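Peer 1: These protein sequence lines map, in sequence, to chains A and B. Reminder that position 58 of the first sequence reads as 58 in this note's numbering, one-by-one numbering, no gaps. Reminder that position 410 of the second sequence reads as 410 in this note's numbering, one-by-one numbering, no gaps.
It cannot be assumed that every hint is accurate.
What the hints assert, rightly or not - Taking lysine-lysine and the DSBU-like style, the derived pairs with C-alpha atoms no more than 30 Å apart in a straight line are: (1) A/192 <-> B/92; (2) B/253 <-> A/192; (3) A/62 <-> B/420; (4) A/167 <-> B/162; (5) B/303 <-> A/192; (6) B/176 <-> B/303; (7) B/253 <-> A/195.
Derived by calculation from the structure, the hints in this document are not laboratory data. Because the structure is a prediction, the values reported are computed rather than measured.
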Amino acid sequence: MEKFITLQSTIVPLPIEDIDTDQIIPARFLKATSREGFGNNLFRDWRYDENNQPKADFVLNKSNISGKILVAGKNFGCGSSREHAAWAIHDYGFKVVISSFFADIFKNNALNNGLIPVQVSQEFLNRIFEEASKNVGLEINVNLETQTITVVGVGISEKFEISEYKKTCLINGYDDIDYLLSLKEKIETYEKTSKYLKIVNE
Amino acid sequence: MGKTLFEKVWDAHVVSKIEGGPDVLYIDKHLIHEVTSPQAFTGLEKRGISLFRTQNTVATADHNVPTKNQHLPIAEPLSKFQVDKLTENCNKFGVTLYGLNHPFQGVVHVIGPELGITLPGMTIVCGDSHTSTHGAFGSIAFGIGTSEVEQVFATQCLMQTKPKTMKIEVNGKLNKGVLAKDIILYIISKISAAGGTGYFVEYCGSAISSLSMEARMTICNMSIEMGARGGMIAPDQTTFDYIKNKEFAPKGKKFDEAVEYWNDLYSDHDAKFDAVLSYDASDIEPMITYGTNPGMGIKITGKVPFVSEIKEESNRVSFKKSIDYMGLEEGETMLGKSVNYVFIGSCTNSRIEDLRIVAEFVKGKQKAPNINALIVPGSKQVQAQAKREGLDIILEAAGFELREPGCSACLGMNEDKVPKGEYCVSTSNRNFEGRQGPGARTFLASPLTAAAVAISGKISDVRTFNF
Numbered sequence: 001m002e003k004f005i006t007l008q009s010t011i012v013p014l015p016i017e018d019i020d021t022d023q024i025i026p027a028r029f030l031k032a033t034s035r036e037g038f039g040n041n042l043f044r045d046w047r048y049d050e051n052n053q054p055k056a057d058f059v060l061n062k063s064n065i066s067g068k069i070l071v072a073g074k075n076f077g078c079g080s081s082r083e084h085a086a087w088a089i090h091d092y093g094f095k096v097v098i099s100s101f102f103a104d105i106f107k108n109n110a111l112n113n114g115l116i117p118v119q120v121s122q123e124f125l126n127r128i129f130e131e132a133s134k135n136v137g138l139e140i141n142v143n144l145e146t147q148t149i150t151v152v153g154v155g156i157s158e159k160f161e162i163s164e165y166k167k168t169c170l171i172n173g174y175d176d177i178d179y180l181l182s183l184k185e186k187i188e189t190y191e192k193t194s195k196y197l198k199i200v201n202e
Numbered sequence: 001m002g003k004t005l006f007e008k009v010w011d012a013h014v015v016s017k018i019e020g021g022p023d024v025l026y027i028d029k030h031l032i033h034e035v036t037s038p039q040a041f042t043g044l045e046k047r048g049i050s051l052f053r054t055q056n057t058v059a060t061a062d063h064n065v066p067t068k069n070q071h072l073p074i075a076e077p078l079s080k081f082q083v084d085k086l087t088e089n090c091n092k093f094g095v096t097l098y099g100l101n102h103p104f105q106g107v108v109h110v111i112g113p114e115l116g117i118t119l120p121g122m123t124i125v126c127g128d129s130h131t132s133t134h135g136a137f138g139s140i141a142f143g144i145g146t147s148e149v150e151q152v153f154a155t156q157c158l159m160q161t162k163p164k165t166m167k168i169e170v171n172g173k174l175n176k177g178v179l180a181k182d183i184i185l186y187i188i189s190k191i192s193a194a195g196g197t198g199y200f201v202e203y204c205g206s207a208i209s210s211l212s213m214e215a216r217m218t219i220c221n222m223s224i225e226m227g228a229r230g231g232m233i234a235p236d237q238t239t240f241d242y243i244k245n246k247e248f249a250p251k252g253k254k255f256d257e258a259v260e261y262w263n264d265l266y267s268d269h270d271a272k273f274d275a276v277l278s279y280d281a282s283d284i285e286p287m288i289t290y291g292t293n294p295g296m297g298i299k300i301t302g303k304v305p306f307v308s309e310i311k312e313e314s315n316r317v318s319f320k321k322s323i324d325y326m327g328l329e330e331g332e333t334m335l336g337k338s339v340n341y342v343f344i345g346s347c348t349n350s351r352i353e354d355l356r357i358v359a360e361f362v363k364g365k366q367k368a369p370n371i372n373a374l375i376v377p378g379s380k381q382v383q384a385q386a387k388r389e390g391l392d393i394i395l396e397a398a399g400f401e402l403r404e405p406g407c408s409a410c411l412g413m414n415e416d417k418v419p420k421g422e423y424c425v426s427t428s429n430r431n432f433e434g435r436q437g438p439g440a441r442t443f444l445a446s447p448l449t450a451a452a453v454a455i456s457g458k459i460s461d462v463r464t465f466n467f
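Pulled out of the complex, with its shape left as it was, chain B reads as follows (with noise of 0.2 Å):
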């Protein structure tokens, strides 16, 4: 029997296999940033140990940021602390840092497929659960905890059990006005957020397929949304185009022969999933989420479902906490609400193609007076392209601001947070509560809702507008 994308991969990683337990696997790229790292550096120290293989792990700055004046030291102590922290590992373990002021500094996410350090085929793990990203490659990538970030450190191995495997086709051409973020909040709202916990996602079919590599990083990203470790999509020449003549990647004969390998890296014919759904592209429509959390989104035109829709008796209880703390009724219409908060960022939203999209839509038009905006740039690579393109001119112009690069409101650990009771409308992956702020309500969208509702100050569906 064949074998599936995934199972070519992980088993080309399998150092040992333990009898009863785990596989131990091999990671030939680590990347890792301030918050998750610091307590694994201590447990080599404790050990007395250094990094096993250090060239295979790079650092950057990202979760702590703050988007404004990055040239001047954190004003933050204790954001500043943890950068610094960051720093003096780094120096003194001999890791490879892309630090607040290096032009490589970026989201993690972001910076490791621009700079070709994310490629086909590899296994790569991230003290962070959006590490699953870089499955648009055709990698295994995945999320670990700071425990799991030490062991990497000291053997760049991992102990894991592997997952079962799931096949999500998308096939059919995509409605005006849907884009990758929109496929991914309607597929996590079919199968929950725990639907695929326990499954590593391969996505494929011809409405991904036509996907570019941004747009497939936007989709693998949100993987974690649904509970599954990680999503990938198999390497064509969309891939092998992006990589090409990146910092890092292969060149010359070795890119050759390295396309050669990647294009073996497709799920046989005859393979065999433990679970495949299907969907019609043409059903999806652009989306929004409602509750706390990725899977409870609804077509921007829908309404918030009824208590009494719910089907599990024991789920009734928290979806009624869940539309309290949003401030929604049951059965209330989306459309129309009004918003004062658009965040477009993060490791889900915040490369050139995004910013292209949102300076295309806002471009001679103005922000509604009612909207705070941050538009912050997912590396300074982006922020640079985007400035070369003139995107920051049309931004200023329609009243937006583009920021410094870093993870910013996604999660609120900067001062870029969303006050207590506001509606935000945002690009980023988590609507949990308080994730952008305490007590701050997200509705997640694509880049080109939140433009619309930056433009029009409430939530509005994008294809109602001229564009």
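Chain A with its partners taken away, still in its complex shape (with noise of 0.2 Å):
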């Protein structure tokens, strides 16, 4: 998994609530059996009309918009588990998504793919999206060792929540299955004490 620690960036906001990860990626492009390509369809009914043509009025078709960050409004990724959401936005270029509020099936498949979740009060996003449509080019930082992102030239900030594991796996780079491979020994110890296990097992 790519490292993070921080970064700084212009924004494409997306001030909708209940964003669900069929929007992020409809159903009939999950047939892909490997983990590229999806960036391709991210948003892909809200991006493109029936003769896919791109909307002019849709935030990822505006030329003058662009960067690494996305904004959306709160309870963003609810919905399907499929990880092909985070896939989606990872694989367009975006590696921070900023909400009031996250899915929480979403907020692991994102942390699994190293694209940050930045969870920040609703005052803050509103002040985000009231910025942002006075500036095109507003920019925000984020930094995963302070847990703190900005918004540049505003002046404002905000502490961010993330749990100590996660936030050392995103630095460093490593991923849960590398420490669940480590635990091998305590795995094999818990299955032959479980009473659980003894009882549904022949």
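Put the complex together from the two separate chains, hints included.
Peer 2: Structure below.
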């Protein structure tokens, strides 16, 4: 997994709430068997019309707006557990998603792919949208080490939460599976002592 | 202090704890399907490792499969490729597969319980958010992403932060025409599509314990639609009776031993939940959704809310976008709205009891001429049982056709889609934009309401029919 320590970038604002993973990547694009290429279909039905032509009013199609940070309304990533949603966002080029609230499974999927979900207060989120509407070149700085998000040039910042374990993983580029594989003996001991496994297994 | 049901099951599965981090949780059963597993198998290959406990994983093909002519090769090339890939991976890694022509094939959350794979007190995961269904047995069951599928393949464990606990109590007697689907749509409409995020729910109360296992599965299935990772119901005699004699359930003395263990799976009277909600069953009426998330539900006799009724300002833009997509007006009455599509199926409502309810309702009636209906059983076993009971004949006589099992129009990965701009009353679990096909507009409802709509050709209150 890619390491992440700090990032400063322009942002792509998407002030819509309850963006579900079916909007992020519709089910009909889940038929690939590799992790790559989902970025082409990120927000497919908001981004393209039925003739596959870009919809001019959608934010990803605006030539003056781009960046490595996606900022979205509350309850981002609700719905299906498809990790393809995190893959699509990451594959498109985003490294950070900011919202005032994330769905649980999406948050885990993002973290497992080095995509940082940064949860801010609703007030802070509203302020970002407000500033972005005035300045398309607005930049945000995300510092994972200090767990701080700063709106550059506006002078506002906020701390964000992340578990110590996940933070260490992201800063060093470790993934969970490496850690779990190192626990094999503990897992085998658990299996031998689990009362429940004894009951349900022959 | 006592423990909740959730805590009892969770604590029994903790292999190791990480300071300032998640718990390492042992997973008893891992269900997989064709869409969210291929990249996890590739991950194992890249690491040069195999499954740690092959016998704990079971596979089926459901999301991509056609619901007609399943004996023929899949026509859609990408779907065929993905389903073939699952077969190839299962063969290579030695995983048990109930593929398309196997008598146990079906929607992953239908076959687990009906085969006795799902048992109380277990931890169950699957790369599908509706894994919460299995919580109906008093198991901790939740959906995971593909990286986590790979973790379970490799170690039979997952790194998980312990969620908070929420008790949702529904007491009293259910009104006529009200099904489990209405109960859960009612609850989600009360707490919103995000109200359960960060929580694991336990459903209890007299209205819940009076439900059959299949109805309990419908409730737990939609826990994710309020953002909760999962939902569970304490096992009781109804649970044990359902499990007894199922294909892979413990038998004889083993079963008795298991019941003894399962009998301890309940929340202690002094257990503390992080949140408690109580509802009165008599307040629940047949429900329907009007918007583009499952929290946007109302009584079927109700009206689409006005923008001014939406409390949070930040929510108003999204609300307006949602009803615009649905082609609805603020304050509009739902009853009488013309609908051309009905879908009865999905992991929420495709079990034999659902088909019985529909067949009984349409018996002697005729499908409205404007209606295109899809009735899709949850599994080969459900399909076979429906035929044994002659439900297929009743459905045909009323102008319907019983298809072959799969996820079908719940998410439109196969040919079963709702056309752009059309309304569909659906017994599935999600009314997201484009969920049933690009531009499709979904109204979620119970199988009974869906049957009433199929007969009348418009949104109808089932209580106005003779049934």
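Peer 1: Take the hints in turn and mark each one as holding or not.
Peer 2: Outcome of the hint check:
1. The straight-line distance between the Cα atoms of residue 192 of chain A and residue 92 of chain B is roughly 28 Å, inside the 30 Å bound, and the hint therefore holds.
2. The straight-line distance between the Cα atoms of residue 253 of chain B and residue 192 of chain A is roughly 21 Å, inside the 30 Å bound, and the hint therefore holds.
3. In summary, the hint linking residue 62 of chain A to residue 420 of chain B is supported, as the alpha carbons are separated by about 26 Å, within the 30 Å threshold.
4. The suggested pairing of residue 167 of chain A with residue 162 of chain B holds, with an alpha-carbon distance near 18 Å, which does not exceed 30 Å.
5. The hinted pair formed by residue 303 of chain B and residue 192 of chain A fails the criterion: a straight-line CA distance of about 58 Å is larger than 30 Å.
6. The straight-line distance between the Cα atoms of residue 176 of chain B and residue 303 of chain B is roughly 21 Å, inside the 30 Å bound, and the hint therefore holds.
7. As the CA atoms of residue 253 of chain B and residue 195 of chain A are separated by approximately 16 Å, the hinted pair is consistent with the 30 Å bound.
Violated hint for the displayed structure: number 5, the only one.
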